[in-house]
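*Asks:* Just so you know, the protein sequences line up as chains A and B, in that order. Take our numbering: the last position of the first sequence gets the number 105, and nothing is skipped along the way. Take our numbering: the last position of the second sequence gets the number 1180, and nothing is skipped along the way.
Just to be clear, a hint being listed does not mean it is correct.
[To be verified] Below, in silico cross-link-like pairs of lysine-lysine (DSSO-like), each with a Cα-Cα straight-line distance of 30 angstroms or less: (1) B:Lys1027 x B:Lys1083; (2) B:Lys1027 x B:Lys1091; (3) A:Lys60 x B:Lys1132; (4) B:Lys1123 x A:Lys60; (5) B:Lys1114 x A:Lys60; (6) B:Lys1082 x B:Lys1027; (7) B:Lys1090 x B:Lys1027; (8) B:Lys1082 x B:Lys1165; (9) B:Lys1027 x B:Lys1165.
[Said to hold, decoys possible] Not everything, but these chain A residues come out facing chain B in the computed CB check (under 7 angstroms): (10) Gln8; (11) Leu11; (12) Ala83.
If you're looking for bench data, these hints aren't it; they were derived computationally from the structure. All values reported here derive from a predicted model rather than from experimental measurement. All C-beta atoms in this analysis are idealised placements derived from N, C-alpha and C, irrespective of residue type, glycine included.
One-letter residues, chain by chain:
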Amino acid sequence: MNTGIPIQYFLVLATIMFFTGVYGFLTRRNLITILMSVELILNSVNINFLAFNRFLYPHKLEGMFFSLFVIAVAASEAAVAIAIIINIYRRFTTINVEDVNEMKF
Amino acid sequence: MAFNQIMFILFSAMIIVFSVLTVTSRKILRAAIYLLFVLVSTSGLYFMLNYQFLAAVQLTLYAGGIVVLIIFSILLTSHLSKKFEHSGWKKNIFSAIASLAGAILSIITILDYKFSATSEVAKEVDMRLIGKSLLSVDYDGYVLPFEVISILLLAAMIAAIVVAKNGGPAKAQSPLINQK
Chain A
1 MNTGIPIQYF LVLATIMFFT GVYGFLTRRN LITILMSVEL ILNSVNINFL AFNRFLYPHK
61 LEGMFFSLFV IAVAASEAAV AIAIIINIYR RFTTINVEDV NEMKF
Chain B
1001 MAFNQIMFIL FSAMIIVFSV LTVTSRKILR AAIYLLFVLV STSGLYFMLN YQFLAAVQLT
1061 LYAGGIVVLI IFSILLTSHL SKKFEHSGWK KNIFSAIASL AGAILSIITI LDYKFSATSE
1121 VAKEVDMRLI GKSLLSVDYD GYVLPFEVIS ILLLAAMIAA IVVAKNGGPA KAQSPLINQK
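My request is simple: use the sequences and hints to build the entire structure.
*Replies:* Written as structure tokens, this is what we have:
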């Protein structure tokens, strides 16, 4: 298996992906695209966990189970976030974060 | 160059290009499809690391579940032909500076650090081992986080139903209805 690929390559790849997600989180204004940036960030963290698990502690399974739970948390987060987004769209008829500035009618 | 190196270069190039396109594309449905490509390539990386179970979970749950959910909500809430307006160049530049500085700092730290290789024998990750350790209470068991995550999923499901359902009284107040 993974001969010839140092661990640093995986970590640098995950870093680039993470900060791309951060850039999207800072510049985007649509709520759904912000959610997509968060998914990018979570995904890059999963790559990190698995690379550490495989290269540094191959006799254990902590990293794998942690990323399994991260995926489950990401799924529930996406479900709740999309429910909130649909509710916001019903009230304001927009999901642009700058137009949604009232907490309560 | 070995085959797995070529595959790694392919997957990482796909991940980087499509994640940049995800955060910069001005059409929202295209951004969602680019996100799908990123997630599929990530599952390819998991296959390269010999975590077949997690790659399958990634494909079914992320690429099959979350992206479909996102596309559904896009279709419910957005006008597909509309392009995003450019956010102000000032915001773009400062966000780019912040993320570039963070990325460069992290990459320098990663390349500088000496990772000590282990001499332990790699454990074969098969389905039986995953199932047993997910339900065992021993030192290597994960039954407590498994229970917690099941409660979290139940709570998220109930919360999603409750939040998405009660839009009743606000509907009359929304300007879209009043215009008709």
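*Asks:* Sort out which numbered hints this structure fails and list those numbers smallest first.
*Replies:* none
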